[in-house]
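Model the full structure from these sequences, guided by the hints.
Residue numbers (my numbering), protein chains in the order written: chain A, 1 to 361; chain B, 1 to 293.
A few of these clues could be false.
[Stated by the list, open to error] SDA-like cross-link-like pairs, simulated, lysine to any residue; straight-line CA separation at most 25 angstroms:
1) A:Lys151 / B:Arg189
2) A:Lys245 / A:Ala345
3) A:Lys16 / B:Pro95
4) A:Lys16 / B:Phe94
5) A:Lys16 / A:Ser38
6) A:Lys181 / A:Glu30
7) A:Lys16 / A:Glu159
8) A:Lys16 / B:Asn93
9) A:Lys151 / A:Val301
10) A:Lys151 / A:Arg103
11) A:Lys151 / A:Leu70
12) A:Lys151 / A:Gln178
13) A:Lys319 / A:Asp255
14) A:Lys16 / B:Thr171
15) A:Lys108 / B:Arg188
16) A:Lys16 / B:Thr2
17) A:Lys108 / B:Asn93
18) A:Lys319 / A:Val301
19) A:Lys181 / A:Asp202
20) A:Lys181 / A:Ser38
21) A:Lys166 / A:Leu123
22) A:Lys108 / B:Arg185
23) A:Lys181 / A:Ser83
24) A:Lys151 / B:Thr171
25) A:Lys151 / B:Arg91
26) A:Lys151 / B:Leu184
27) A:Lys151 / B:Glu173
28) A:Lys151 / A:Gln94
29) A:Lys16 / B:Arg170
Hint data in this document are derived by calculation from the structure and do not stem from the laboratory.
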Amino acid sequence: MAFLEIRGLTKTYGDKVVLDELDLSAQDGEFISLLGPSGCGKTTALRLIAGFLQPDGGTVAVNGRDITNLPAHRRNIGMVFQSYALFPHMTVGQNVAFGLEQRRFGRKEIVRAVDESLDMVRLSGFASRRPAELSGGQQQRVALARALVFKPQLLLLDESLSALDKKLRVQMQLELRQIQKEVGVTAIFVTHDHEEALTMSDRVAVMRNGRIVQLDTPSNVYRAPVDGFVAESLGEANFLHGVVKSQVESGFVLDLGDGGSVVVSTDHPVRIGSTCTVAIRPEDIELSPARSEESDLIGLVRSIAFAGNTTLYVVEALKREIRVRRPNTAAAQNGIRLDQEVALAWDSGATLVLADYPGGS
Amino acid sequence: MTVRSWRWLWRAWAVLAAAVLLAPILVVVPMSFTNSSTLAFPPEGLSLRWYGELLTNPQWTLRIPVSIETAFATAILATVLGTLAALGMTRGNFPGRGLLTALFLAPLVVPIIDLAVGDYFVWALGWQVGSVGFGGGLAGTVPGLVLAHTVLAFPFPFITVSTALTTVDRTLELAAAGLGANPLRTFRRITLPLIRTGVITGAIFAFLTSWDEVVVASFLASPRVSTVPVQIFTELRQSYDPAAAAISTVLLASAVVLVGLLALIPVLSRRAYGRSAGGGIMSAEGGVAAAAG
Numbered sequence: 001m002a003f004l005e006i007r008g009l010t011k012t013y014g015d016k017v018v019l020d021e022l023d024l025s026a027q028d029g030e031f032i033s034l035l036g037p038s039g040c041g042k043t044t045a046l047r048l049i050a051g052f053l054q055p056d057g058g059t060v061a062v063n064g065r066d067i068t069n070l071p072a073h074r075r076n077i078g079m080v081f082q083s084y085a086l087f088p089h090m091t092v093g094q095n096v097a098f099g100l101e102q103r104r105f106g107r108k109e110i111v112r113a114v115d116e117s118l119d120m121v122r123l124s125g126f127a128s129r130r131p132a133e134l135s136g137g138q139q140q141r142v143a144l145a146r147a148l149v150f151k152p153q154l155l156l157l158d159e160s161l162s163a164l165d166k167k168l169r170v171q172m173q174l175e176l177r178q179i180q181k182e183v184g185v186t187a188i189f190v191t192h193d194h195e196e197a198l199t200m201s202d203r204v205a206v207m208r209n210g211r212i213v214q215l216d217t218p219s220n221v222y223r224a225p226v227d228g229f230v231a232e233s234l235g236e237a238n239f240l241h242g243v244v245k246s247q248v249e250s251g252f253v254l255d256l257g258d259g260g261s262v263v264v265s266t267d268h269p270v271r272i273g274s275t276c277t278v279a280i281r282p283e284d285i286e287l288s289p290a291r292s293e294e295s296d297l298i299g300l301v302r303s304i305a306f307a308g309n310t311t312l313y314v315v316e317a318l319k320r321e322i323r324v325r326r327p328n329t330a331a332a333q334n335g336i337r338l339d340q341e342v343a344l345a346w347d348s349g350a351t352l353v354l355a356d357y358p359g360g361s
Numbered sequence: 001m002t003v004r005s006w007r008w009l010w011r012a013w014a015v016l017a018a019a020v021l022l023a024p025i026l027v028v029v030p031m032s033f034t035n036s037s038t039l040a041f042p043p044e045g046l047s048l049r050w051y052g053e054l055l056t057n058p059q060w061t062l063r064i065p066v067s068i069e070t071a072f073a074t075a076i077l078a079t080v081l082g083t084l085a086a087l088g089m090t091r092g093n094f095p096g097r098g099l100l101t102a103l104f105l106a107p108l109v110v111p112i113i114d115l116a117v118g119d120y121f122v123w124a125l126g127w128q129v130g131s132v133g134f135g136g137g138l139a140g141t142v143p144g145l146v147l148a149h150t151v152l153a154f155p156f157p158f159i160t161v162s163t164a165l166t167t168v169d170r171t172l173e174l175a176a177a178g179l180g181a182n183p184l185r186t187f188r189r190i191t192l193p194l195i196r197t198g199v200i201t202g203a204i205f206a207f208l209t210s211w212d213e214v215v216v217a218s219f220l221a222s223p224r225v226s227t228v229p230v231q232i233f234t235e236l237r238q239s240y241d242p243a244a245a246a247i248s249t250v251l252l253a254s255a256v257v258l259v260g261l262l263a264l265i266p267v268l269s270r271r272a273y274g275r276s277a278g279g280g281i282m283s284a285e286g287g288v289a290a291a292a293g
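This is how it looks when you write it as structure tokens:
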């Protein structure tokens, strides 16, 4: 039995099913991200686990104990909110001490634990400040210290980093994960930022319409998405829809129509003549000036957008637009210009075979 | 004329308007320091003898404690009830909320004389519906005055606390629950401190409502139990007793002090909460101003 066991968790508002029989289990000390667009039910799931909402069905069990009907204040779960929700009328120290006071710890013990946990988030000496006097990143760390100081069984993070600016966010991602590992607490992290989910998690649960579409390690959800939705949720992707023409060694040839075809490397069993969709990440596509007729795929550069460390090319090929992202290293300066004919190439292993793709090619 | 002189003209006009409005109120102040035995303006001589009268003459020494008791009890009762009602109205989600809110605000618009007449009959004679009875024997008592004044004062804390509650972030309460605080503790440690300014503002308005109330009090007063404002009215109808001016000055001073306290709340709470607070108080006062106006 896993440390956190969620079975058939359901929440409806009138006719709208926000959470549809969600199953999720987490091992002790595991860090799981719930990733999905707004309205997919990820925050609702978190609030049900915290006890802020009552489910219409299903159970939540932590460490073998069913807590579904336990009120929030008796659950022993730490939560960090998107807005941090620090108590504005209390000092940092009083904020962190709050959970310990509710558990009737002694005065001395509270002081020691508060010091320790402020030390952990590198805010020793801030105990007498007011939350309003702190920066966003500092407030975030206070919220984390407050959520962890009473040694909760579970740590819930609701879009906790999204209010920070990009640079600070990346730094906090690493810091948060490191603290979580040190403390060894099981964590559920809700986010709509796929990079954040991939960077931080042991496993990522991609959610859509109140369900988990795929739950796997970051590299697996990124490299082996079950469908187009997951592929797109975790980063940019080009989708190629076609008919399986022939089987080749360790894969098959996909006929894209209009005379184009691509070789797909996979161990997926496919039937010749069946339709199939594959996805290719923009960064997996090589771009070179078209030199001969031999190239598989020739296209016309329609737009070039410089994005700092990468450049995004939109290439028109096979009557569709294919997005290509190349790193801006010195070696990659191959002088490709607008309206130039280019050859597209990729490693046949870079193609991701999808079970289905909503909306077709 | 230049812009500058226009501005001075407007200022002079504003001062004149304020003077005209305030003069009838302020005229009692010099009159209370008179040495003569009848009220007159300008006052003759200068003495504190009428303030001494307040402390010795039983017609005042009996009334002042009644007024103070009634005003304090009204402030406490109206604030507790108003806060609970505001919590129910802003946090609850049930049908008929709008209607109930309108009922809670009704004392502000119902003609006060109707309320006084109704109170008088129910308080004095009692009200029997089947086996359930209420009132009777309440006229001429402090509890009777407190109950009647609480009805009048109730809308003020209800409004100020409602306004304050809308500025409280609900996730703070969720956070407190998540940290292990039960609903009662969450209210005491989180919600109440955050709506404190609204509660205090409401309590001050409730206090003042009772403190200078004359219509309902004169219906419910008896020769033994009566309030200061009722006594002032009675005095002035019978004689031009300068003690009435003295006690009026005391009432005026207490009102000024309390309203001054209101003006201080934002400063104090800003010091306490850091930079982010302060908006709640302004809006709480705005709510009262809107309701009173």
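Hint by hint, here is what the structure shows:
{"no.": "1", "hint": "A:Lys151 / B:Arg189", "in the structure": "holds (22 angstroms)"}
{"no.": "2", "hint": "A:Lys245 / A:Ala345", "in the structure": "holds (19 angstroms)"}
{"no.": "3", "hint": "A:Lys16 / B:Pro95", "in the structure": "holds (21 angstroms)"}
{"no.": "4", "hint": "A:Lys16 / B:Phe94", "in the structure": "holds (20 angstroms)"}
{"no.": "5", "hint": "A:Lys16 / A:Ser38", "in the structure": "holds (15 angstroms)"}
{"no.": "6", "hint": "A:Lys181 / A:Glu30", "in the structure": "holds (9 angstroms)"}
{"no.": "7", "hint": "A:Lys16 / A:Glu159", "in the structure": "holds (23 angstroms)"}
{"no.": "8", "hint": "A:Lys16 / B:Asn93", "in the structure": "holds (19 angstroms)"}
{"no.": "9", "hint": "A:Lys151 / A:Val301", "in the structure": "violated (56 angstroms)"}
{"no.": "10", "hint": "A:Lys151 / A:Arg103", "in the structure": "holds (11 angstroms)"}
{"no.": "11", "hint": "A:Lys151 / A:Leu70", "in the structure": "holds (18 angstroms)"}
{"no.": "12", "hint": "A:Lys151 / A:Gln178", "in the structure": "holds (16 angstroms)"}
{"no.": "13", "hint": "A:Lys319 / A:Asp255", "in the structure": "holds (14 angstroms)"}
{"no.": "14", "hint": "A:Lys16 / B:Thr171", "in the structure": "holds (23 angstroms)"}
{"no.": "15", "hint": "A:Lys108 / B:Arg188", "in the structure": "holds (23 angstroms)"}
{"no.": "16", "hint": "A:Lys16 / B:Thr2", "in the structure": "violated (66 angstroms)"}
{"no.": "17", "hint": "A:Lys108 / B:Asn93", "in the structure": "violated (43 angstroms)"}
{"no.": "18", "hint": "A:Lys319 / A:Val301", "in the structure": "holds (13 angstroms)"}
{"no.": "19", "hint": "A:Lys181 / A:Asp202", "in the structure": "holds (11 angstroms)"}
{"no.": "20", "hint": "A:Lys181 / A:Ser38", "in the structure": "violated (28 angstroms)"}
{"no.": "21", "hint": "A:Lys166 / A:Leu123", "in the structure": "holds (21 angstroms)"}
{"no.": "22", "hint": "A:Lys108 / B:Arg185", "in the structure": "holds (22 angstroms)"}
{"no.": "23", "hint": "A:Lys181 / A:Ser83", "in the structure": "holds (23 angstroms)"}
{"no.": "24", "hint": "A:Lys151 / B:Thr171", "in the structure": "holds (21 angstroms)"}
{"no.": "25", "hint": "A:Lys151 / B:Arg91", "in the structure": "violated (31 angstroms)"}
{"no.": "26", "hint": "A:Lys151 / B:Leu184", "in the structure": "holds (23 angstroms)"}
{"no.": "27", "hint": "A:Lys151 / B:Glu173", "in the structure": "holds (20 angstroms)"}
{"no.": "28", "hint": "A:Lys151 / A:Gln94", "in the structure": "holds (17 angstroms)"}
{"no.": "29", "hint": "A:Lys16 / B:Arg170", "in the structure": "holds (24 angstroms)"}
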